[in-house]
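Input sequences plus hints: build the corresponding full structure.
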Amino acid sequence: MKKLLAMLCALLLALGLAGCTTQHDDLYDNDSAIASENNRYMVVKFFGSLPGENQYDFSVSSITGARTLWKFNAQGEEEVTLSASLAESNGGRVKLVLVSPSGAVTTLAEASASSDSDDYTFTAQPGVWQAKLVGAEEPTLEGSLRFSHGNVSTD
-6 MKKLLAMLCA
4 LLLALGLAGC
14 TTQHDDLYDN
24 DSAIASENNR
34 YMVVKFFGSL
44 PGENQYDFSV
54 SSITGARTLW
64 KFNAQGEEEV
74 TLSASLAESN
84 GGRVKLVLVS
94 PSGAVTTLAE
104 ASASSDSDDY
114 TFTAQPGVWQ
124 AKLVGAEEPT
134 LEGSLRFSHG
144 NVSTD
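At position 15 of the sequence shown (counting the first as 1) the number is 8 in the working numbering, and the numbers step up by one without a gap.
I should point out that these hints are in silico values taken from the structure, not numbers from a laboratory.
Check the hints yourself; a few may be wrong.
The following label-pair restraints were derived from C-beta to C-beta distances [unchecked claim]:
1. 69 to 40: 27 to 37 Å
2. 45 to 19: 18 to 28 Å
3. 39 to 69: 31 to 41 Å
4. 42 to 111: 13 to 23 Å
5. 23 to 46: 27 to 37 Å
6. 141 to 100: 16 to 26 Å
All of these numbers come straight from a predicted model, not from anything done at the bench.
Ideal Cβ placement from N, Cα and C applies to all residues, glycine included.
Structure, rendered in structure tokens:
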């Protein structure tokens, strides 16, 4: 009986730990899940720094899912510029997307081996705008985000 109880406890522990390592690769092509206000991601390491005003540099190891990097609550129509660069170093897929208050998702940049900067200027309608980092297949990358309005998100 004790042996059966020990085996049952070990099985429950193994199932619980297996649930902790669930990847979120399914979010990469799912705009409605990306647009959700909730972050759903798994990352091994995430380092961020603010080297200057309105700039966020980051280094990420093995990300799957979607994580908010930037938010802006537009009070009226405002012209906003985002500049993003993503340099991937080990495969996988990664992109930076803009999420509008209505939930529309626009890809701003997709990672490649180089770190070219892409500028995106848009007229923000009232509401909360977000820039999210979305990864699949556990890419490792370095990136930079510059913004004319808004703040780095620590959610």
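Quick rundown of the hints versus the structure:
For the pair residue 69 and residue 40, the beta carbons lie near 35 Å from each other, so the given range of 27 to 37 Å is met. In this structure the supplied range 18 to 28 Å is violated for residue 45 paired with residue 19, their Cβ-Cβ distance being about 36 Å. The given range of 31 to 41 Å is respected by residue 39 and residue 69, whose C-beta atoms sit roughly 33 Å from each other. A C-beta distance of roughly 21 Å is found between residue 42 and residue 111, which places it inside the suggested range of 13 to 23 Å.
At about 34 Å, the beta-carbon gap between residue 23 and residue 46 stays in the expected band of 27 to 37 Å. Taking 16 to 26 Å as the suggested C-beta distance range, the pair residue 141 and residue 100 conforms, at roughly 19 Å.
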